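Throughout the sequence shown, residue numbering follows this note's numbering, covering 1 to 354 in sequence.
Certain hints may be false.
[What the hints assert, rightly or not] Lysine-lysine pairs mimicking DSBU-like chemistry, simulated, CA-CA at most 30 Å apart: (1) K65 x K2; (2) K186 x K201; (3) K233 x K186; (4) K233 x K80; (5) K80 x K173; (6) K201 x K80; (7) K131 x K186; (8) K186 x K2; (9) K80 x K65; (10) K132 x K2; (11) K2 x K131; (12) K131 x K173; (13) K80 x K131; (14) K201 x K233; (15) K80 x K132.
[Claimed, not checked] Label pairs and their in silico Cβ distance ranges: (16) P17 x I310: 37 to 45 Å; (17) I211 x Q120: 19 to 27 Å; (18) Q169 x L292: 17 to 25 Å; (19) A279 x Q169: 19 to 27 Å; (20) I251 x H64: 28 to 36 Å; (21) T123 x P323: 17 to 25 Å; (22) R224 x R309: 42 to 50 Å; (23) N63 x R224: 18 to 26 Å; (24) R224 x S319: 22 to 30 Å.
Hints in this document: simulated from the structure, not taken from any laboratory. Remember, it's a predicted structure, so these values are computed and weren't measured experimentally. Glycine included, C-beta positions come from ideal geometry on N, C-alpha and C.
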Amino acid sequence: MKLIIQIPCFNEEGQLPATLAQLPRAVPGVDAVEWLIIDDGSSDRTVEVAREHGVDHVVRLTNHKGLAAAFQAGLDAGLKLGADVIVNTDADNQYEGADIPRLVGPILRGEADMVVGDRQVQTIEEFSAGKKLLQRVGSWVVRHASATGIPDTTSGFRAYNREAALQMQVVSKFTYTLETIIQAGKLLVAIDHVPVRTNPKTRESRLFPSIGAYVRRNGLTIFRVWAQYEPLKLFWTGALILGLPAAALFIRFLVLFIAHGGRAGHVQSLILGAVLFFAAMLLGALGVIGDLLDAQRTLSQRTFERVRRIELQLGVEPSHYEPGDASRAADAARLADKAPGSEPDPADRRALEV
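Sequences are here, hints too, so could you generate the full structure?
Right, here's the structure in full:
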C-alpha cells in the first residue's frame with residue numbers, strides 16, 4: 001500500500017523546510033510513503049527547496065491557478081502515481097505532520113473513505129472570537145448542506161482513499177475544503193473526522209485578504225455547490241419563502257377590498273404581492289430547470305470518473321509532472337526504518353550530506 005502526502009505550494013520556500021521536516025517517511029500499515037508538492041506558479045525557489053529536502057514528486061503548474069486547482073492537480077497526480085491513500089496538508093506547517101498516522105487510521109481500518117482533521121477551532125488561541133463564530137456558523141451550514149457530521153469543514157488536513165479521490169471533482173476557483181465535503185456527502189462517500197493538532201501560525205492567510213472576503217467567497221461556494229446537487233430543494237424553499245408573504249398580501253387586499261364595499265385602495269399590497277409572487281414563480285422554475293440539469297451533471301460525473309479509471313489503466317502520466325529528489329528520499333526512508341537511537345551507517349550519512 002502506498003501513501004502519498006501532497007502539499008499545494010505558492011511561494012513557500014521559507015515555510016516548506018519546517019513543513020517537510022515534520023512529515024513521516026513511515027506509517028504503520030503502509031508499505032511506502034512518498035511526498036508530492038504542487039507548485040502553483042511560484043516565483044521563488046519553492047521547487048528547488050522541495051528537492052533539496054527530499055520531495056519525491058513535483059507537479060509544476062505553468063501559472064498561478066489557485067488553491068482549488070492545485071489541490072485537484074495533486075489528486076490527479078497522486079492517483080496516476082499509484083497512491084492507495086492521499087493525504088493533503090498545507091505548506092505553511094499549520095498541521096502537525098506526526099498526526100498523519102491518526103488521520104489515515106480510519107481509512108486503513110476500512111471505516112471511512114475520507115477523513116478530515118478536526119483542529120478543534122474553539123481551543124485555538126490565535127483565532128479571534130469573530131473568526132471562531134464564523135467557523136462555527138459556516139461548519140453548521142456545510143454540515144446541513146452535506147448531511148455529514150464534520151465539525152471543522154474548512155480544515156485542509158484530510159485523507160482520501162483511492163475510490164474517494166477518483167470521485168472528487170473541484171470546480172471552485174478559490175478553495176476545495178467546503179466543496180469536497182458537500183460533494184462527498186451527496187456522493188455517499190463514507191466520511192469521518194479525527195482530532196488533530198496545529199502548530200503556531202507563521203504568517204497570515206493568503207487565500208482570503210479579509211474576513212469579509214472569506215465570508216463572501218465561501219458563501220458563494222456553498223450556494224453554488226448546494227444548487228448543483230439539490231437545485232429543486234434549494235430554489236423551491238426560496239419560492240416558498242417568497243410565496244407565503246405574497247399569498248398573505250393578496251388575502252389582505254381581498255379582505256380590505258370586500259370590507260370597503262369594493263372601493264379602490266390598498267393597491268400597494270396588490271403590487272407587492274404580485275412582485276413576490278412572480279419572484280417565487282421564477283425561483284420555482286429555476287428549481288425545475290436545475291433538477292433537469294442535475295441528471296446531466298450525474299452523467300458527467302460518472303463519465304469523468306470512468307475517464308480517470310481508463311487513464312489509470314493505460315498508465316497516463318500526470319500533467320506538468322517532474323521527478324523530485326528520489327535518491328535523497330530513498331536514503332531518508334532507509335534511515336527511518338532503522339531502530340530508534342541507532343547510529344546511521346557512514347555511507348548513509350554521506351548520502352544525506354551530498
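Going through the hints against the structure:
no.	hint	result
1	K65 x K2	holds (28 Å)
2	K186 x K201	violated (33 Å)
3	K233 x K186	holds (13 Å)
4	K233 x K80	violated (37 Å)
5	K80 x K173	holds (23 Å)
6	K201 x K80	violated (33 Å)
7	K131 x K186	holds (27 Å)
8	K186 x K2	holds (27 Å)
9	K80 x K65	holds (21 Å)
10	K132 x K2	violated (36 Å)
11	K2 x K131	violated (37 Å)
12	K131 x K173	holds (22 Å)
13	K80 x K131	violated (38 Å)
14	K201 x K233	violated (40 Å)
15	K80 x K132	violated (38 Å)
16	P17 x I310: 37 to 45 Å	holds (39 Å)
17	I211 x Q120: 19 to 27 Å	holds (21 Å)
18	Q169 x L292: 17 to 25 Å	holds (20 Å)
19	A279 x Q169: 19 to 27 Å	violated (32 Å)
20	I251 x H64: 28 to 36 Å	violated (56 Å)
21	T123 x P323: 17 to 25 Å	violated (41 Å)
22	R224 x R309: 42 to 50 Å	violated (27 Å)
23	N63 x R224: 18 to 26 Å	holds (24 Å)
24	R224 x S319: 22 to 30 Å	holds (25 Å)
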